[in-house]
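These are the residues of each chain, in order.
There are 2 protein chains.
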Amino acid sequence: MEKPYYAVIFTSTRTEGDNGYGEMAYDMEVLAKKEQGFIGIESAREEVGITVSYWETLAAITSWKKNMDHVFAQNKGQKEWYSWYKVRICLVEREYEFNTLTP
Amino acid sequence: MEKPYYAVIFTSTRTEGDNGYGEMAYDMEVLAKKEQGFIGIESAREEVGITVSYWETLAAITSWKKNMDHVFAQNKGQKEWYSWYKVRICLVEREYEFNTLTP
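Heads up: the sequence lines are chains A and B, in that order.
Each residue of the first sequence is one higher than the one before, counting from 1 in the numbering used here.
Each residue of the second sequence is one higher than the one before, counting from 1 in the numbering used here.
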């Protein structure tokens, strides 16, 4: 990326049981990918879950947040899925990459 | 955090086998925690591994990077452990938290 862009770091711990979480998480990713200004998303969960999504502008993040809040409200509420979460909105200042395919 | 701070997002895919990776990863975390300006670290791996470390200043990240490069060089080299990785150095601009323990 040549232009500056943003990362949203979403870290969380889950409650017990699925309670529709898997379906919601899938839907959220589908929704995110449709948003204008969406660049990409990466996710992994062990003791803690980390999802990082990448966005072209702060406006795109705000729009996505509204969408996300809407999904959360439509479903069983955040307390069903998360015992804790933290969201950090970050400006990506520098990046570098290592790839065995392009040495 | 009241002061601005930084996040280093390290995303990676692993090569096959451990090859001393587990030990190195543990050592790296111990080392990071000793660095001046270190705030915290969170890590999870499924298909992709995501480690996010948090730092008070860019200088702390530079110092940590030197340490990290040193460990990588001392060990079997990055190609032993990673087929791909990407590092993003980010300024945390905003954050919010949800916690069932402090509603």
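It is worth saying that the hints were derived from the structure and are not from the lab.
One or more of the hints may lead you astray.
Pairs count within a copy or across copies, as identical chains cannot be separated in the list.
[Claimed, not checked] Here are the simulated DSS-like pairs of lysine-lysine, each with C-alpha atoms no more than 25 angstroms apart in a straight line:
(1) K65 with K3
(2) K66 with K33
(3) K86 with K33
Run the structure past the numbered hints and jot down the numbers of the failing ones, going up. Result: no hint breaks.
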